[in-house]
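Undergrad: So the chains spell out like this:
Number of protein chains: 2
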Amino acid sequence: MSGQRPGPLSGFPELLPGQRMIEQQIIDGLRRTFELHGFAPIETRAVEPVEQLTGGGEVDKEIYAVRRLADVEDRDSEPGLGLHFDLTVPFARYVLENAGKLEFPFRRYQIQRVWRGERPQSGRFREFTQADIDIVAQGELAFHHDVEVARVMAEALAALPVGHLRLQVNNRKLLQGFLFGIGAPEPSVAMQAIDRLDKVPADVVGGLLRTHAGLSDKQADACLELADIRTADTSFVDRVRHLGIHDELLDEGLAELAVVVDGCRDLNSARITVEADLRIARGLDYYTGTVFETRMSGYDALGSICSGGRYDSLASDGRTTYPGVGISLGVSRLLVPLFADGSLAASRSVPSSVLVALPDEGMRAATALVAQALRSRGVATEVAASAEKFGKQIRYAQRRGIPYVWFPAAEAGSQHEVKDIRSGDQTAADPDTWLPPEIDLKPQIISTPNAVE
Amino acid sequence: MSGQRPGPLSGFPELLPGQRMIEQQIIDGLRRTFELHGFAPIETRAVEPVEQLTGGGEVDKEIYAVRRLADVEDRDSEPGLGLHFDLTVPFARYVLENAGKLEFPFRRYQIQRVWRGERPQSGRFREFTQADIDIVAQGELAFHHDVEVARVMAEALAALPVGHLRLQVNNRKLLQGFLFGIGAPEPSVAMQAIDRLDKVPADVVGGLLRTHAGLSDKQADACLELADIRTADTSFVDRVRHLGIHDELLDEGLAELAVVVDGCRDLNSARITVEADLRIARGLDYYTGTVFETRMSGYDALGSICSGGRYDSLASDGRTTYPGVGISLGVSRLLVPLFADGSLAASRSVPSSVLVALPDEGMRAATALVAQALRSRGVATEVAASAEKFGKQIRYAQRRGIPYVWFPAAEAGSQHEVKDIRSGDQTAADPDTWLPPEIDLKPQIISTPNAVE
Numbered sequence: 222m223s224g225q226r227p228g229p230l231s232g233f234p235e236l237l238p239g240q241r242m243i244e245q246q247i248i249d250g251l252r253r254t255f256e257l258h259g260f261a262p263i264e265t266r267a268v269e270p271v272e273q274l275t276g277g278g279e280v281d282k283e284i285y286a287v288r289r290l291a292d293v294e295d296r297d298s299e300p301g302l303g304l305h306f307d308l309t310v311p312f313a314r315y316v317l318e319n320a321g322k323l324e325f326p327f328r329r330y331q332i333q334r335v336w337r338g339e340r341p342q343s344g345r346f347r348e349f350t351q352a353d354i355d356i357v358a359q360g361e362l363a364f365h366h367d368v369e370v371a372r373v374m375a376e377a378l379a380a381l382p383v384g385h386l387r388l389q390v391n392n393r394k395l396l397q398g399f400l401f402g403i404g405a406p407e408p409s410v411a412m413q414a415i416d417r418l419d420k421v422p423a424d425v426v427g428g429l430l431r432t433h434a435g436l437s438d439k440q441a442d443a444c445l446e447l448a449d450i451r452t453a454d455t456s457f458v459d460r461v462r463h464l465g466i467h468d469e470l471l472d473e474g475l476a477e478l479a480v481v482v483d484g485c486r487d488l489n490s491a492r493i494t495v496e497a498d499l500r501i502a503r504g505l506d507y508y509t510g511t512v513f514e515t516r517m518s519g520y521d522a523l524g525s526i527c528s529g530g531r532y533d534s535l536a537s538d539g540r541t542t543y544p545g546v547g548i549s550l551g552v553s554r555l556l557v558p559l560f561a562d563g564s565l566a567a568s569r570s571v572p573s574s575v576l577v578a579l580p581d582e583g584m585r586a587a588t589a590l591v592a593q594a595l596r597s598r599g600v601a602t603e604v605a606a607s608a609e610k611f612g613k614q615i616r617y618a619q620r621r622g623i624p625y626v627w628f629p630a631a632e633a634g635s636q637h638e639v640k641d642i643r644s645g646d647q648t649a650a651d652p653d654t655w656l657p658p659e660i661d662l663k664p665q666i667i668s669t670p671n672a673v674e
Numbered sequence: 222m223s224g225q226r227p228g229p230l231s232g233f234p235e236l237l238p239g240q241r242m243i244e245q246q247i248i249d250g251l252r253r254t255f256e257l258h259g260f261a262p263i264e265t266r267a268v269e270p271v272e273q274l275t276g277g278g279e280v281d282k283e284i285y286a287v288r289r290l291a292d293v294e295d296r297d298s299e300p301g302l303g304l305h306f307d308l309t310v311p312f313a314r315y316v317l318e319n320a321g322k323l324e325f326p327f328r329r330y331q332i333q334r335v336w337r338g339e340r341p342q343s344g345r346f347r348e349f350t351q352a353d354i355d356i357v358a359q360g361e362l363a364f365h366h367d368v369e370v371a372r373v374m375a376e377a378l379a380a381l382p383v384g385h386l387r388l389q390v391n392n393r394k395l396l397q398g399f400l401f402g403i404g405a406p407e408p409s410v411a412m413q414a415i416d417r418l419d420k421v422p423a424d425v426v427g428g429l430l431r432t433h434a435g436l437s438d439k440q441a442d443a444c445l446e447l448a449d450i451r452t453a454d455t456s457f458v459d460r461v462r463h464l465g466i467h468d469e470l471l472d473e474g475l476a477e478l479a480v481v482v483d484g485c486r487d488l489n490s491a492r493i494t495v496e497a498d499l500r501i502a503r504g505l506d507y508y509t510g511t512v513f514e515t516r517m518s519g520y521d522a523l524g525s526i527c528s529g530g531r532y533d534s535l536a537s538d539g540r541t542t543y544p545g546v547g548i549s550l551g552v553s554r555l556l557v558p559l560f561a562d563g564s565l566a567a568s569r570s571v572p573s574s575v576l577v578a579l580p581d582e583g584m585r586a587a588t589a590l591v592a593q594a595l596r597s598r599g600v601a602t603e604v605a606a607s608a609e610k611f612g613k614q615i616r617y618a619q620r621r622g623i624p625y626v627w628f629p630a631a632e633a634g635s636q637h638e639v640k641d642i643r644s645g646d647q648t649a650a651d652p653d654t655w656l657p658p659e660i661d662l663k664p665q666i667i668s669t670p671n672a673v674e
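Protein sequences, first through last, are from chains S and B. Throughout, our numbering is defined as the position within the first sequence, counted from one, plus 221. Throughout, our numbering is defined as the position within the second sequence, counted from one, plus 221.
Same shape as in the complex, but just chain S (with noise of 0.2 Å):
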């Protein structure tokens, strides 16, 4: 490539290498967690045919088509082909395609790219990484697999070096059997209206629920009341008793609930909360039970950072229905804005954890030996570029925030001698048995959230 310094694209972030190191970390982390608890690894292809990404025309997402350069302008070549936009779409289909080959209940995580053709604003993307767990099974999927991804996530999400996170859970026939139960003509309507509460103030949702959706002033109150029901423990059941309204759907969702948030209950830390939300709806999801949403303390901008349900109806072929349990984390969605206000940081731009100076030119063999020796024993190393003034080398560290730098000792009977850089603490060393401290292994994540809610 030549010509001029090339700009970066709206809507497709990238990350210097530091940045990448951590997000590497951080997605290490998440599937160290999904496979502690059985969840498989698969990666579905980048396409799919346009027709099941628009599922009949039924999608609100902003689909990227593919094809052939040579064939753009002829438009029958091909059968057309998109950019996957989520990787439920993707799951959905691979799980058709290979049901003989899976056992179910069948758990699984991806840790993928997805696209969207939209209008980049802030903090949305046209290309990021989402991590999702999902269990899906034949026929039948037993609630308790409801509690367990969420208890999954939660764990997953703990460990993420951010600030609070609050796992909001609700469940749509708690939602729905509410409106049923205070007789509302359009409960998906209302539903949407809810959905809104996060955007937009509760009068404005009020006024949606009674213009839109139908509802009399005294049914738009209660939605709201109901709306504002928010416990980490089992009592909104008896607050949501307490609004007098009686239905089975209702109950069974109460239930449900229920179940999820007590079972949750124990991971609940100054990390994260996992609490019912009864806000949480969904709207345009085609959710048939328990919702998840997540916020960030501090960034409430972003919206849901980590979202999800379960579907009656994952997949069907026709004789056999899938249904699905599953949340999805935005990588990319959560960590992008971190980078940007410079609250995650690396404490260094390489992977390497020592330099090793060179003193002339003739002893890069000897060096090379030096790192060879480091490196078997899990030390990442590397060898000056050239034999410059070792006060030039020490800044070459520097820069990239290497914290030890090696001098190898010049003649035989000579010592070797390693320099912390930071402190200055310069010692004589083995190649073949030193080692730094455990915590200078790896790249470190520097954390400061910028906020506390």
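There could be a bad hint or two in this list.
Identical chains share a label here; the pair holds if one copy fits it or two copies do between them.
[What the hints assert, rightly or not] Pairs of lysine-lysine, DSS-like flavour, derived with a Cα cap of 25 Å:
(1) 663 to 282
(2) 613 to 322
(3) 322 to 610
(4) 613 to 663
(5) 282 to 322
(6) 322 to 420
(7) 420 to 613
(8) 282 to 613
(9) 439 to 663
Think of the hints as simulated: they come from the structure by calculation, not from any bench. Note that this is a predicted model, so its numbers are computed, not measured.
Chain S is fixed; fit chain B onto it per the hints.
TA: Here is chain B on its own, set in the frame of chain S:
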């Protein structure tokens, strides 16, 4: 998703969960090797402006164009984007774009998918994963970095669970100098003919050298003699000298190649041979010195699974030139055929090492505590989905390849037991201390390379 069972898309391979676990272990191993040598990770966006991908029409790769579905009909809507077809073009752009924020020489690795709109044929994919390492400098890049990338990739290759690999090294200066020395009228055409030696017989290449490259019989024979030289030490130098051709560039190429081969000699093993192979030309690429290809024993038809070389100008902004040297491993190209012929398989299809059996639904909380205790020591564990007969639960574990089934204590005072379902051995065990043998913690890779050369 609903409807009929979907089928695969030709050229877009997908893996089953067990295969994906192997791919991940292999990628983790590559990352570990690259990081031990100080290579920093980056990822680039999937798309680049089409005009940068085509580089003024010189590229021979089939590009996938990407457009918002809503804009497909409207050709003037926005500058055209395409999916990257390799990781070198985006890396060059990334270096130029971030030059002010990077430290040079900059070592990076990048493991990502790429896309090519080719007609799919055996071993060619439309979507596949590559693992690239490159070292790039500002202005000048010392030659010892050519040795470095060869050594790092050879070390990574030697750790792969595959048969014997040959990392073949040559030098374009050697070839060009030789062609100058024999007085070839069109050296680049001759080089492209030599490049075809792994696909067509030597006499056909001889014909091409005479008819296309305008060589005499004697000149063509000299080329074929040169191309026949292959040594795992520096004895190739004498064999070339013996051909009696003299040229300054040839001398330079011989000296450089000798340094690389000699610098990797200690890495030769039963897993890998690093050798000078004078037929390697990389005919259509823009390398200017060292060139690399890699063959896997028993899979000649795959061609090179790991290729690269030195570019004197990886990128340039008009004022500064960025020379680079790198090598790219075709992860999918290597693994997909091994999965297809069964020579690479996983010992289980899930990460779980233990299935906790469920005696009855009332014991779900107790089984969850056992699972939590095991996970806290890094033992991947799942709990049985339902309280079926133990025989059924054991078969569930067997179908997934989970090696251990845990039977929780039925009441206070009674003992937990764990069964190795491969041997049938069942013993008392404490969930707070029991650990499986190290080898059972993660799925094992079962590698049965199908050929020795």
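Undergrad: Does each hint hold? Answer for all of them.
TA: Hint check:
| no. | hint | in the structure |
| --- | --- | --- |
| 1 | 663 to 282 | neither (39 Å within a copy, 38 Å between copies) |
| 2 | 613 to 322 | between (59 Å within a copy, 19 Å between copies) |
| 3 | 322 to 610 | between (62 Å within a copy, 24 Å between copies) |
| 4 | 613 to 663 | within (24 Å within a copy, 45 Å between copies) |
| 5 | 282 to 322 | neither (31 Å within a copy, 35 Å between copies) |
| 6 | 322 to 420 | neither (44 Å within a copy, 37 Å between copies) |
| 7 | 420 to 613 | neither (54 Å within a copy, 50 Å between copies) |
| 8 | 282 to 613 | neither (53 Å within a copy, 43 Å between copies) |
| 9 | 439 to 663 | neither (59 Å within a copy, 58 Å between copies) |
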